[in-house]
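Q: The hints should help you fit chains B and C onto chain A, whose structure is shown.
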Amino acid sequence: MNELTQTSARGLAQMIRDGEVSCEEVTQAHLDRIAEVDGDIHAFLFVDGERALASARRVDAKRAAGEPTHELAGVPVALKDAYVYQGTPTTCGSRMLENWYSPYDAAVVERLQGADMIILGKTNLDEFALGSSTETSAFGPTHNPWDLARVPGGSGGGSAAALAGFEAALAIGSDTGGSIRQPAALTGTVGVKPTYGGVSRWGLVATASSLDQPGPCARNALDAALLHQVMGGYDRRDSTSIKAPMPDVVGAARRQDVSGMKIGIVKQFGGEGFAPGVEQRFHEAIELLAQAGAEIEEVSCPSFDLALAAYYLIMPAEVSSNLARFDGMRYGLQAGDDGTRSADQVMRASRRAGFGDEAKRRIILGTYALSAGYYDAYYGSAQKVRTLIIEDFTKAFASVDVLLSPSTPTTAFKIGERVEDPMAMYKADLCTIPVNLAGNAAASFPAGLSPEDGLPVGVQVMAPALADDRLYQVGAVLEAVLEQRWGGPIWAPLTKEDQR
Amino acid sequence: MTYEELMDFDAVMAVYEPVVGLEVHVELNTASKMFCGCSTAFGAAPNSQTCPICLGLPGSLPVINATAVESAVRIGLALNCSIAERCRMARKNYFYPDMTKNFQTSQSDEPLCFNGSVVIELADGESFTIAIERAHMEEDTGKALHVGGATGRIQGAEYSLMDYNRSSVGLIEIVTKPIRGAGERAGEVARAYVTYLRDMIRALGVSDVRMEQGSLRCDVNLSLMPKGSTTLGTRTETKNVNSLRSIEKAVLHEICRQGAILTSGKTVKQETRHWHEDGTYTSPGRSKEHAEDYRYFPEPDLVPVVCPPSWVDELRATIPQAPSLRRAALQAAWGYSPLEMRDVVAAEALDLIEATVAAGCAPQSARKWWMSQLLRQANAREVSLDELPISPQAVAELQNLVDKGILNDNLARTVIEAVLAGEGMPGEIVQARQLGVVNDQATLDEAVAQAIEANPEIADKIRAGKVQAAGALVGAVMKDLGGKADAGVVRELILAKLA
Amino acid sequence: MALAFEEVVKLADLARIDMTDEELTSLASQLDVILDAVAVVSQVAGDDVVPTSHALDITNVFRADEVAASLSVEQVLAMAPDAEDGRIRVPRILGEAS
Numbered sequence: 001m002n003e004l005t006q007t008s009a010r011g012l013a014q015m016i017r018d019g020e021v022s023c024e025e026v027t028q029a030h031l032d033r034i035a036e037v038d039g040d041i042h043a044f045l046f047v048d049g050e051r052a053l054a055s056a057r058r059v060d061a062k063r064a065a066g067e068p069t070h071e072l073a074g075v076p077v078a079l080k081d082a083y084v085y086q087g088t089p090t091t092c093g094s095r096m097l098e099n100w101y102s103p104y105d106a107a108v109v110e111r112l113q114g115a116d117m118i119i120l121g122k123t124n125l126d127e128f129a130l131g132s133s134t135e136t137s138a139f140g141p142t143h144n145p146w147d148l149a150r151v152p153g154g155s156g157g158g159s160a161a162a163l164a165g166f167e168a169a170l171a172i173g174s175d176t177g178g179s180i181r182q183p184a185a186l187t188g189t190v191g192v193k194p195t196y197g198g199v200s201r202w203g204l205v206a207t208a209s210s211l212d213q214p215g216p217c218a219r220n221a222l223d224a225a226l227l228h229q230v231m232g233g234y235d236r237r238d239s240t241s242i243k244a245p246m247p248d249v250v251g252a253a254r255r256q257d258v259s260g261m262k263i264g265i266v267k268q269f270g271g272e273g274f275a276p277g278v279e280q281r282f283h284e285a286i287e288l289l290a291q292a293g294a295e296i297e298e299v300s301c302p303s304f305d306l307a308l309a310a311y312y313l314i315m316p317a318e319v320s321s322n323l324a325r326f327d328g329m330r331y332g333l334q335a336g337d338d339g340t341r342s343a344d345q346v347m348r349a350s351r352r353a354g355f356g357d358e359a360k361r362r363i364i365l366g367t368y369a370l371s372a373g374y375y376d377a378y379y380g381s382a383q384k385v386r387t388l389i390i391e392d393f394t395k396a397f398a399s400v401d402v403l404l405s406p407s408t409p410t411t412a413f414k415i416g417e418r419v420e421d422p423m424a425m426y427k428a429d430l431c432t433i434p435v436n437l438a439g440n441a442a443a444s445f446p447a448g449l450s451p452e453d454g455l456p457v458g459v460q461v462m463a464p465a466l467a468d469d470r471l472y473q474v475g476a477v478l479e480a481v482l483e484q485r486w487g488g489p490i491w492a493p494l495t496k497e498d499q500r
Numbered sequence: 001m002t003y004e005e006l007m008d009f010d011a012v013m014a015v016y017e018p019v020v021g022l023e024v025h026v027e028l029n030t031a032s033k034m035f036c037g038c039s040t041a042f043g044a045a046p047n048s049q050t051c052p053i054c055l056g057l058p059g060s061l062p063v064i065n066a067t068a069v070e071s072a073v074r075i076g077l078a079l080n081c082s083i084a085e086r087c088r089m090a091r092k093n094y095f096y097p098d099m100t101k102n103f104q105t106s107q108s109d110e111p112l113c114f115n116g117s118v119v120i121e122l123a124d125g126e127s128f129t130i131a132i133e134r135a136h137m138e139e140d141t142g143k144a145l146h147v148g149g150a151t152g153r154i155q156g157a158e159y160s161l162m163d164y165n166r167s168s169v170g171l172i173e174i175v176t177k178p179i180r181g182a183g184e185r186a187g188e189v190a191r192a193y194v195t196y197l198r199d200m201i202r203a204l205g206v207s208d209v210r211m212e213q214g215s216l217r218c219d220v221n222l223s224l225m226p227k228g229s230t231t232l233g234t235r236t237e238t239k240n241v242n243s244l245r246s247i248e249k250a251v252l253h254e255i256c257r258q259g260a261i262l263t264s265g266k267t268v269k270q271e272t273r274h275w276h277e278d279g280t281y282t283s284p285g286r287s288k289e290h291a292e293d294y295r296y297f298p299e300p301d302l303v304p305v306v307c308p309p310s311w312v313d314e315l316r317a318t319i320p321q322a323p324s325l326r327r328a329a330l331q332a333a334w335g336y337s338p339l340e341m342r343d344v345v346a347a348e349a350l351d352l353i354e355a356t357v358a359a360g361c362a363p364q365s366a367r368k369w370w371m372s373q374l375l376r377q378a379n380a381r382e383v384s385l386d387e388l389p390i391s392p393q394a395v396a397e398l399q400n401l402v403d404k405g406i407l408n409d410n411l412a413r414t415v416i417e418a419v420l421a422g423e424g425m426p427g428e429i430v431q432a433r434q435l436g437v438v439n440d441q442a443t444l445d446e447a448v449a450q451a452i453e454a455n456p457e458i459a460d461k462i463r464a465g466k467v468q469a470a471g472a473l474v475g476a477v478m479k480d481l482g483g484k485a486d487a488g489v490v491r492e493l494i495l496a497k498l499a
Numbered sequence: 001m002a003l004a005f006e007e008v009v010k011l012a013d014l015a016r017i018d019m020t021d022e023e024l025t026s027l028a029s030q031l032d033v034i035l036d037a038v039a040v041v042s043q044v045a046g047d048d049v050v051p052t053s054h055a056l057d058i059t060n061v062f063r064a065d066e067v068a069a070s071l072s073v074e075q076v077l078a079m080a081p082d083a084e085d086g087r088i089r090v091p092r093i094l095g096e097a098s
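Those protein sequences? They're chains A, B and C, same order as listed.
Per this note's numbering, the very first residue in the first sequence carries number 1; after that it's consecutive.
Per this note's numbering, the very first residue in the second sequence carries number 1; after that it's consecutive.
Per this note's numbering, the very first residue in the third sequence carries number 1; after that it's consecutive.
Chain A extracted, bound-state conformation:
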């Protein structure tokens, strides 16, 4: 294995800038690594090596000509297959879009290209990002590089696994209820859900529009901040895009200082349902931050107990409407058109054939939540709970700068373990959901390995809207003290032999 794949994104960009290595070599190293391990991990749905190398050569030429390049120029990045990218299929992990090629690019893709970054390919995800394990992908599950028998989390399991497996230096995710943070926690990587409206959703295939947010995935805090800076900012094509200036996330990651910072520990997230190993690492992280000068206090957010319930009404409701367009008429899978069936019948057959069980489950659930007679009791009430959650956050942030919780109640579970039990699966997002409902920012950072099973544990930092910089401030400090303690970054085993 080429050492280049273990180098940080910032390090790679520096080496390319200094002429120590060419962008083409860096890209090739990652393509080689993908060829070596992705048969086992299955992080990628689609890799276009030729195109990546061609882009790399363009960056090399640009550098050779002395043209200015971006800070992350030449860094290979993996794109969750929920973003449209011309010239590659955009499947969203669904048979429905198996052969669909978009005629336009996502805003995030434009930003990556504008920053001279190299898109390696598209990563696996739960079908239409509906899931917490990447098992609902129509194209097979992604395996956790820490233990191939376990899930990498979801929906962005492909992007997280690509990072943990050293197949990419950076990756793009999208977070509706934890789809960036929960996989980050389960794979020992960093995942950030920016403030809602902080990154353009243009070209991100919608799961639940009021909750979805694109975000960066990386192996360390500073790399994530650098990618965040590339992705973020106002876009007039997204009506929910914020016009305010981006917080200085890179500066915050470099500062590495939490002295005097007030950190609140969310009382509601712990105890029953939380693995002891997760709680142990979480409390160690709190101690380390206190030693670094942060002031710690417990904060109660009682409405967070209702977040999961509200989420599993609002999300499916929006999903049922967003996925209605997939009907086999204009693009995508069409099934059952034998010349005798009506358009309506072909729609029904196409949607039967194109959607997997989880997508169908959530579409039906959402249809129910919005239907006449139930709207007030379900969707309407859930929107009220949303208000209560926002109020809890507002109250909490009046006294603390950030909130802390475990990212997920448990470490990575076994593939197949929760497939038959939707509620057990949904609980994996218990801690990550409130932030999506309230629209503020949060991130998951590695907190070491659980003493129970030796698998990664993540700690979630939550910040007020438009204070995304605080996430990196805390994350970078935590990363530094943990590396001291663990003797270096906590990485997944590099070879199959070392995996379990």
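No lab work stands behind these hints: they were computed from the structure.
Predicted model only: the values in this text are computed from it and were never measured.
Backbone N, C-alpha and C define an ideal beta-carbon position, used for all residues, glycine too.
Just so you know, not all the hints are guaranteed correct.
Unchecked claim - Residues from chain B that face chain A, not an exhaustive set, calculated with beta carbons under 10 Å:
#1 Ala44
#2 Gly59
#3 Tyr96
#4 Met99
#5 Arg295
#6 Tyr296
#7 Val303
#8 Asp343
#9 Lys368
As the list claims (entries may be wrong) - For the chain C half of the interface with chain A, some residues (derived, Cβ under 8 Å), not all of them:
#10 Val9
#11 Leu11
#12 Arg16
#13 Ile17
#14 Leu31
#15 Val40
#16 Val49
#17 Ala55
#18 Arg63
#19 Val67
#20 Leu71
#21 Gln75
#22 Met79
#23 Ala83
#24 Leu94
Unchecked claim - Derived pair list, reagent style DMTMM-like, types lysine to aspartate or glutamate, alpha-carbon separation capped at 25 Å:
#25 C/Lys10 x A/Asp357
#26 B/Lys269 x C/Asp13
#27 A/Lys243 x B/Glu85
#28 B/Lys143 x C/Glu84
#29 A/Lys427 x C/Glu74
#30 B/Lys249 x B/Glu212
#31 B/Lys92 x C/Asp18
#32 B/Lys143 x A/Asp338
#33 B/Lys92 x C/Glu74
#34 A/Lys243 x B/Glu70
#35 A/Lys427 x C/Glu84
#36 B/Lys143 x C/Asp82
#37 B/Lys368 x B/Glu314
A: For chains B and C alone, coordinates are given in the frame of chain A:
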């Protein structure tokens, strides 16, 4: 063809009170669509004005057209509506191949404009107040072309071809409150209301409001309740009513149809019905007994629209005069009597006369042509004046030929028939048919001489000073020349010869 | 709250997904479990609480009424299962548009 039992209109009216509701869709004439930058130009090649947004492609996001909101507010103000200080767009969820997202971005319980009213005038000058429930913003759907089957209609088609150029073009839906108390004039009232809307919105300049192009579309809701009752009956919704004339006819038709059902002791089915433009029948569409559950919810991809009162007041200042004021101004400019003006309005000839005058015709002449021969033709053909195959330009050209002495009134009437028969513009027809009046002095002199010679007694009377007898000789000359002479000139000639 | 089988049938119909009776039965029981877990929201949200549809308070985001480039007809038709005369061909449509 569906057989429908119809009851005599007067018999229905003796027992029932009709309640009418009108839903009018107005397509905005913004340059770009409601939520994307695609052009709205009419008549472009199919699917050439589509993009990821109006095709509902995955990942695309809508952004509201500012001018569309402004147009909607102006329509609301012209309808004397309250303007919501804050409102949201909502998704109306239902599946249909002409709808690319399978939801229509519309407004539900938070319309932009609400609680308005307009006063309309009927042909005899009686006025009637129509209460407006709401006017809200939404987007149009694509268009289907049905292929196969005998009729080109949806029934019996083998497949359909979709053109999404119209998808997401801005629409304003204007909904009346139930219109009661119009009684036997319900049809007239409905027609006058839509005419009022058309004229008013045209004056605002926010839509082409052309029913034949679909930029103004009307659905007619109608129910009957026993006279004296206060409980609304079951209503039907008649769609596809695509001309002003049809609106009136559809109301009358549905009154007679429902009257027959109720009188026979049966109940009216809540359903949509399709108006067939030949005007003789409607056919049942989707039954609304199991009403589609549209699952409205606030559109999460769009943010609320806030209309500050100061901005609304600025827009209020841009609202042009109501159609009644416009009519008053035109009446003064044209010098029509109140009676003449009322007839013109009733005949829906105002725009046509305005265009004819604009093409160079004197106002009284324009009125004369449209309100006599052409109106008789329209009535005979059972079409409205603007549906006659003659343009205001043609009428102006015709009058010009009369003014120049090339045509007399009789010849001009012949030319009009020829224009209506599709033979071309008046000038072309005069040429082709050699219809111009005889101006050749020798021919005229000869004809006059022959007439005098053939009628010596009449000639004597004229010589004796009874000039009113000249009419008979004029008639003889005109007959001789096949009507192609100026009767005034002929009379002068005769009197000169016999002086 | 238990969902009646007929109710799930109606939901699948509204959502335009063909499902077998067996699938609908199994879905009904799964939905029961989920609805049991989420029903709590209706008990806590009082009339005094204003519902939130957008987490962030942004209003009046508009675009100027300017024509922008459309896709080419070729691009549009290339995605379609079937096309004819520049239009997207779909199976016969029953009923009428709303």
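Q: Now tell me if each hint is right for this structure.
A: The hints, checked one at a time:
1. Ala44: 18 Å, violated
2. Gly59: Result: holds, 4 Å to nearest chain A Cβ.
3. Tyr96: Status holds, d = 8 Å.
4. Met99: 9 Å, holds
5. Arg295: 4 Å, holds
6. Tyr296: Since the shortest Cβ distance to chain A is 8 Å, the answer is holds.
7. Val303: Check passed: Cβ of B/Val303 comes within 5 Å of chain A, closer than 10 Å.
8. Asp343: Violated. Min distance 50 Å.
9. Lys368: At 54 Å from the nearest chain A Cβ, B/Lys368 fails the 10 Å test, so the hint is violated.
10. Val9: C/Val9 check fails; min Cβ-Cβ to chain A is 11 Å, beyond 8 Å.
11. Leu11: 5 Å, holds
12. Arg16: 5 Å, holds
13. Ile17: 5 Å, holds
14. Leu31: 6 Å, holds
15. Val40: This hint holds: C/Val40 lies near chain A, its Cβ roughly 5 Å from the closest one there, short of 8 Å.
16. Val49: 4 Å, holds
17. Ala55: 2 Å, holds
18. Arg63: Check passed: Cβ of C/Arg63 comes within 7 Å of chain A, closer than 8 Å.
19. Val67: Because about 16 Å separates C/Val67 from the closest Cβ in chain A, which is outside the 8 Å limit, the hint is violated.
20. Leu71: 6 Å, holds
21. Gln75: 4 Å, holds
22. Met79: 4 Å, holds
23. Ala83: 10 Å, violated
24. Leu94: 5 Å, holds
25. C/Lys10 x A/Asp357: Holds, at about 18 Å.
26. B/Lys269 x C/Asp13: Holds, at about 23 Å.
27. A/Lys243 x B/Glu85: 23 Å, holds
28. B/Lys143 x C/Glu84: Holds, because 14 Å separates the two Cα atoms, which is no more than 25 Å.
29. A/Lys427 x C/Glu74: 46 Å, violated
30. B/Lys249 x B/Glu212: 17 Å, holds
31. B/Lys92 x C/Asp18: This hinted pair holds, its Cα atoms lying about 22 Å apart.
32. B/Lys143 x A/Asp338: 23 Å, holds
33. B/Lys92 x C/Glu74: 30 Å, violated
34. A/Lys243 x B/Glu70: With Cα atoms ~23 Å apart, A/Lys243 and B/Glu70 stay inside 25 Å; holds.
35. A/Lys427 x C/Glu84: Roughly 49 Å separates the two Cα atoms, so the pair is violated.
36. B/Lys143 x C/Asp82: Satisfied, since the Cα-Cα distance of roughly 16 Å is no more than 25 Å.
37. B/Lys368 x B/Glu314: 42 Å, violated
Of the numbered hints given earlier, the model fails hints 1, 8, 9, 10, 19, 23, 29, 33, 35 and 37; all others are met.
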